[in-house]
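Asker: Sequences listed follow chains A and B, in order. Note that the working numbering numbers the first sequence so that position 41 is 44, with each residue one more than the last. Note that the working numbering numbers the second sequence so that position 182 is 184, with each residue one more than the last.
Simulated from the structure, these hints should not be mistaken for laboratory data. Be careful, since some hints might not be right.
Said to hold, decoys possible - Here are the simulated DSS-like pairs of lysine-lysine, each with C-alpha atoms no more than 25 Å apart in a straight line:
1. Lys58/A / Lys150/B
2. Lys150/B / Lys59/A
3. Lys252/B / Lys184/B
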Amino acid sequence: MESQIDLVYEDIRGKVNAKLIRFIGDLDATNVETVLEKVCSLFNEGIRDLVADFKKLRYVNSTGLGILLHFSKSAKEKGGSFKIANINENVYEIIEIIGATSLLEIYDELDEAIAALE
Amino acid sequence: MMNVEIKEVPATQNAVILRFSGELNSESIGEICSSFEKLESEEKKFAIADMTGVSLISSAALGEFMGARKRFVEKGGDLVFAKMKMDIRTKLNLMGATKIFRVFSDIRSALNAYKWQVERNPEVLHLKFPSYLEVVPPLRQLISRIAKLKGYSNKDSFRIETIVDEVCNNAVEHGKQGVDQKIDLKMSIDPQKIELDVVNMSDPEKMDSLKALLKPRNGAQGETSDSKRGRGLALIKMLTDELTVDCSEKGTSVHIKKVREE
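Could you build all of it, start to finish, from the sequences and the hints given here?
Answerer: Have a look at this one:
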């Protein structure tokens, strides 16, 4: 059985090509493919900017981090961005250890991430 | 009328069981007090109060236990309760005493606490699990919870969860997979450190990918790759104090030591 992860999508007012995704649960090797498929389908529907709210993302491992980097790259290739906000301390440490803080657009608060959308 | 019997615990240096019976009230304070004084003069560090036969404990008697516990704790030991009747435990709860005293359901559990706290003996968990990715999440959470229950901080427990996750995922991914293919995990935990040994069967078809995984990389810091995989080992290296990987055609064994940080 996969680890539990829910992705909740919300529109962002005034931003037609953007979506807010709230990650709820654990992102690991058992569910990365499911998450990858769901997020890539958003890109395929024409979404260019994604804002990920990690407030309720309890856990991420190296495989999960791998797809976050992939989302960031895919968004940039489409002229958009993948922004992350509200990362808990433990998850942030994993991103930091991997050395990926400079590769991901990370914001303390969700409002800041949304305000940074072009 | 109260009675107390002092019983040495074989194979321990300074643990003792005090088997109380009857009513522990103001009339028995003198005897309770002298029992504890005897233990202290014998330099005992850890006392288990076996309450099986106790029908009452007054607040004055409990006060004696509190004083004795304080002295045991100052010497790096403890005074704990075991096998307490439910009505007495409820009374202690109402008095707030269970926030001070540890209460164990049996002597064995109390002795395990002694071995952990005073002798600092490691506790060992040995598991064999099928080589499937889906088995890893509950396993990593179990080990993280054990660490937390053993007093490791949330941060340390999270790091341990990450280490177990990454090492077990690698064992599944780069070893033989299937119901009949078992991965062997041994965890040894003591108050200072956790050691993990993970052994899996090699898959001849995956030997090249395994060797590539074990090739020295440019560390975790300075990440530039956008590849979705291949960061697990680097993460394990950064989170552990010792990492040994022994890889052969038969199998791969990984030994990890993680020192408690907080």
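Asker: None of the hints should be skipped; say for each whether it holds.
Answerer: Here's how the hints hold up against the structure:
| no. | hint | in the structure |
| --- | --- | --- |
| 1 | Lys58/A / Lys150/B | 22 Å, holds |
| 2 | Lys150/B / Lys59/A | 20 Å, holds |
| 3 | Lys252/B / Lys184/B | 13 Å, holds |
When held up to the earlier numbered hints, the structure conflicts with none and fits them all.
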